[in-house]
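As you go down the protein sequences, you meet chains A and B in turn.
Position one of the first sequence corresponds to residue 108 (the working numbering), numbered consecutively onward.
Position one of the second sequence corresponds to residue 5 (the working numbering), numbered consecutively onward.
Just so you know, the hints here were simulated from the structure itself, not pulled from any lab data.
Even glycine gets a Cβ: it sits at the ideal position worked out from N, Cα and C.
Careful: at least some of the hints might be erroneous.
To be verified - Label pairs and their in silico Cβ distance ranges: (1) A:Pro394 x B:Thr71: 21 to 31 Å; (2) B:Lys161 x A:Thr478: 30 to 40 Å; (3) A:Ser485 x B:Thr71: 49 to 59 Å; (4) B:Glu174 x A:Ser485: 40 to 50 Å; (5) B:Gly172 x A:Pro394: 56 to 66 Å.
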Amino acid sequence: MIKALPHPKWKDPRVRTRKPSMPPGNRSREAQGLLSMAARGRFALQVCSNCGAVQYPPRQLCGKCLSEELSWQDVSNKGTLLAETTLQHSNDIYFRDRLPWKLGIVVADVGPSMVVHLSSDCKQGDKVRLALSIDAAGNAVVTARPEKPTSNEKDDLQLREMEFDPKHRRPLIVDGKTEMGLELTKAFLSAGARHVFVGYAKPWYESQYLEEIKKLDKVSVYPLDVTDTDSVEELVSMIGDKVEIMVNNSYHLRPGGLIDRFDINTAHDEMEIHYYGLMRLAGCFGPVMRAMGADGHHSATAWLNIFSAYAWINNPAVGTYSASQAAALSLSQCLRAELTPGGVRVVNTFIGPIEDEWHQLAPPPKLLPATIAPRIVSGLSKGIEDIPIGAVAEEILERLSENPKEIERTIKL
Amino acid sequence: MEKKQNENEETLSSLLGGIINGGIQVIDLTMTLDQRTPTIVLPPEHGQSWPFRLEVISKYDERGPATYWNNMSCGEHTGTHFDAPIHWISGKDLPNNATDTLPPDLFIAHASVIDVSLETKEDPDYLLTIERIEEWEKINGNIPVRSWVLMRTDWSKKTNPTEYLNHGDEGANTPGPHPDLIPWLIEERDVVGFGSETVGTDAGQAAHFSHPFPCHHLMHGAGRCGLPALINLDLLPAQGAVVVAAPLKIRQGSGSPVRALALVGK
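Starting from the given sequences, assemble the full structure and let the hints guide the process.
Here it is in structure tokens:
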């Protein structure tokens, strides 16, 4: 049985920090289809429309009947562990750094056999639960755990390389003055975070949420204004090498469109906070986190952005806000590419309208921060890369894939 | 004519001599423009003034090997700044009401410094009244024509931005002029304008006066100016200092950060 991870000690300053290295493998274009499924937390494989055979690894033609009609479909994630082995040696630097490493071959209930990264709790002949995960290099891989969840399964060090369970980790929540900031702080603490750093800007604006945060244990609050490069640099100098999960929940919504509320200043503020704010955070914290990406129990692991679903499609009722979110989403993709060499993964969540003062006139459904914060943390802990949260975000995603023009013409608050 | 010119040249020369030999002290009345400088708190759905921000263009690096310089941004009314009459609706149609058209001789004027620091220590909502100034005038003589009236409160010694702005749930609690004082200063004393150590020239509760924001509405309506967020007023004499405070020449500017200086004879 996997043992519960002990509470990590402080970093030993005499020990050299391990440099990040990447697991191997370029993937074919077909294989990238797995990544698309893994990014959404789905277990989906190619299924042949002609003969029904399930394919693995992904391919252009059906392995059974040579048909080209392969489509990605969610399939059963159950299987049986046929063989297991523990690597004691590897020529690959990534695995050398992390030996021993457990691998297995699983016969999936839907047919194919797969080489998997294996939980220590699995024994040959066991029924297992498969998942598509994303490794430190950003590639999709298959992982296997016992069919029934075990008590400490999240503590498997090998699988923690691909997931971001907050247990024993230290997130920085950028904006502690919103209800979302408070609920995220609570969600990370109840998920076992070792300590939560929380930022706040403009101290002369009081915030009941920040006051509540200050009362929580294992929390420290720091001045942090993402519109001020100096302020971000100052915080990096204090806690930059301790932030293991960045939680960018910067938020500045001012309802209004382009012509309907032509105001460069308001649009500027949204860009300052969402776009330049992300840039300042990334420019200052990014290099430190990238260098700390393989630091054992103290590794920087993930960069979580909390975006609006209107980053995908402009909602004219909040037109300039949507545009600033789209700009930030685009920048996050650049950040993802630049953090990959450090093994730090960028996770984006997309939420619909929330129940707050700036959505006062928006009709329900509106999301409660207390409801969505635990879902954000849960998605993060599974290693999902794109996490849509709530009915609005789910619907936008679905309609975008069906007919982007239809949603462009009809979207409204 | 020529004799007069010579006299004026001598005056200037002796002024400069005084500055060089230290007989005339130059006192800086300006707060440092800093990213932490708070700007005025406004309802969040209103237009907002940008805070002071600085981004490096290059610092002897690959962006410019020999050069250090920054881009800066801020609202016109940030830090120690100058309020021009066009800043308020009451002054919008006056001639020469903006930073580029105000006559430049206005930027050099006498200072009358009214020390109410004891009163404001007791009461942050303290309002400067005609009676208080008349009392001051009994000791210091009348406020001369074309003078700045500077309200010394020592408020600028509050270095914590939250204490400096001093907001409660009914708005700011900071001192300023009584509404009755402003017409009196304009009509009876013909002042250049009003200066303060707080974030604006008006009191924190001025929105609730029977005449809201008198130091803006009435002063600017009469073509007079404002000089808020000053520091070091405690180093000035009650009478006799000369203030030099020129706004940037922004076309149709409503104000600008200034480097406000006072010349004080020892």
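Taking the hints in turn, this is what the structure says about them:
no.: 1; hint: A:Pro394 x B:Thr71: 21 to 31 Å; result: holds, 24 Å
no.: 2; hint: B:Lys161 x A:Thr478: 30 to 40 Å; result: violated, 47 Å
no.: 3; hint: A:Ser485 x B:Thr71: 49 to 59 Å; result: holds, 50 Å
no.: 4; hint: B:Glu174 x A:Ser485: 40 to 50 Å; result: holds, 42 Å
no.: 5; hint: B:Gly172 x A:Pro394: 56 to 66 Å; result: violated, 42 Å
The structure is inconsistent with the numbered hints 2 and 5, although it conforms to all the rest.
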